[in-house]
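S.K.: Fit chain B with the ligand to the supplied structure of chain A, relying on the hints for placement.
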Amino acid sequence: MGFKNYCFKKSLWVFHFGGASCNNCDIEILDCLTPRFDLERFGILLVGSIRHADVLLVNGIINHHDKDRLIEVYNQAPKPILVVAIGACGCTGGIFTDSYTFAGPVDKIIPVNAYVPGCPPKPEAIIAGIVKLAGG
Amino acid sequence: MAVNLFYFLVFPGLLFAAITGAFLSWFDRKITAMVQFRKGPPLLQPFYDFFKLLLVKETILPKQGSPLIFLLAPVFSAFGATMAGVFILLPLSNIATGFRGDLLVIFYLLTIPSFSYIIGALASANPLAAVGSSREMKLIISYEFTFLLFIAGIIMKCGQQFDLYSIIQAQQTSSPFIGSISGVLLFIVGIFCIQAKLALVPFDMPEAETEITEGIFIEYSGAAFALIKLTKYIMFFILPALLIALLMNGFRFNGFNILWAVLKLLAVVLALTLIRNTNPRIKIRQAIKFFALWMNLFAVIALVLIEFGY
Ligand code: SF4
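So the sequences go chain by chain: A and B.
Residue numbers for the first sequence follow the working numbering, beginning at 1 and rising by one.
Residue numbers for the second sequence follow the working numbering, beginning at 1 and rising by one.
Do not take every clue at face value.
Computed list of lysine-lysine pairs in DSS-like fashion (alpha-carbon distance at most 30 Å, straight line) [what the hints assert, rightly or not]:
hint: 1; chain 1: B; residue 1: Lys30; chain 2: A; residue 2: Lys9
hint: 2; chain 1: B; residue 1: Lys283; chain 2: A; residue 2: Lys4
hint: 3; chain 1: A; residue 1: Lys108; chain 2: A; residue 2: Lys79
hint: 4; chain 1: A; residue 1: Lys132; chain 2: A; residue 2: Lys10
hint: 5; chain 1: B; residue 1: Lys39; chain 2: A; residue 2: Lys132
hint: 6; chain 1: B; residue 1: Lys63; chain 2: A; residue 2: Lys4
No wet-lab data here; the hints were simulated from the structure.
Next up, chain A with everything else stripped away, as it sits in the complex (with noise of 0.2 Å):
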């Protein structure tokens, strides 16, 4: 693992793109930047612009609206970038894969790097796949 690439697993910025989720995943994310999961230790910031960030978190199902806005927020971000979809709906599509607005699981529609199925995910699953992230 060179200097770089030890650098960047160091510090990853992480932008949260909230697809058409019922919310429960949202707030499990939040959960890992709380005081009793702390993800600053690893590094791990929540930035606000998709310039800044390093990883795309991607959860709840992609429904028609969203996935032009998916591939935007996509194109938008510098490269290198990580994308994680995280919870069922991110990774399959979980309970609403029936639904006519949906628009494919996230892996359709961007390349994904990691995933982390659950519904929602415990934040401990989370970290463990922020961890894997950061460590392979």
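M.R.: Relative to chain A, chain B with the ligand alone:
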């Protein structure tokens, strides 16, 4: 010539100020984490952030607007901060520059980063960046006059000396200025001006990340944003250092005094961090009122007290 370059690039300029500032910004984040009962980032976190932005990330240029000015603005801001750092830190490390009136030059150099941010943000043609830069402009207008009064107070206090070296010497031969009523008032005024200059939380409306998503920095990425981070690290060191030079008799680098210097620096940064952690972001109108009314009042009272010798 060579020694000037050394001053600018290594000590006390770019390298020294940036490394110290990076550690101070880690200290700030660690204290913030401790205030919120978290563990906080590792010691080298600012360096990881900086090198990631500089070496790994792509720099995206705006399609509309002016890419050249967009890219030059961070360079100017880093340059201005480094120049101000050299002028502040040389007298602080007891190297006489022989430059009478450097306090006024420092005053102007310290505004260069803010102005470059405004120019860069406007060159990016992003509406949120425009909102951020208009707020930054109003913030500059509100705190700059107060900061001038603060400096005027210091100059009056040490008998019309305009250079930092004599001000520090005057304090080291008698007593630090903060040991008087007017000194305490000036300290309060100064620390709020620094808070606003660093855009820390009560005054972080230009880059409010939850509201206008980083405002003036919204379009910056990659190496350009790394330069902005560098500027922020340097400013995070030199502004507290300036306060220490003006009010708390500077640093002395011999024996036991080194520890004392470090403690003074950490105490000022701790005060800034605690203010930032115990306050909400205020509106720009409130910030203008805060400086134009209250801080100017404090500064004027301090000036009157100095006139009567308190
Ligand atoms: S995965 Fe479950 S919890 Fe998460 S958004 Fe979908 S339905 Fe809600």
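S.K.: Compare the structure with each hint and give your call.
M.R.: Hints, verified against the model:
no.: 1; hint: Lys30(B) x Lys9(A); in the structure: holds, 20 Å
no.: 2; hint: Lys283(B) x Lys4(A); in the structure: violated, 40 Å
no.: 3; hint: Lys108(A) x Lys79(A); in the structure: holds, 19 Å
no.: 4; hint: Lys132(A) x Lys10(A); in the structure: holds, 12 Å
no.: 5; hint: Lys39(B) x Lys132(A); in the structure: holds, 20 Å
no.: 6; hint: Lys63(B) x Lys4(A); in the structure: holds, 28 Å
The structure does not agree with numbered hint 2 stated previously, though it agrees with all others.
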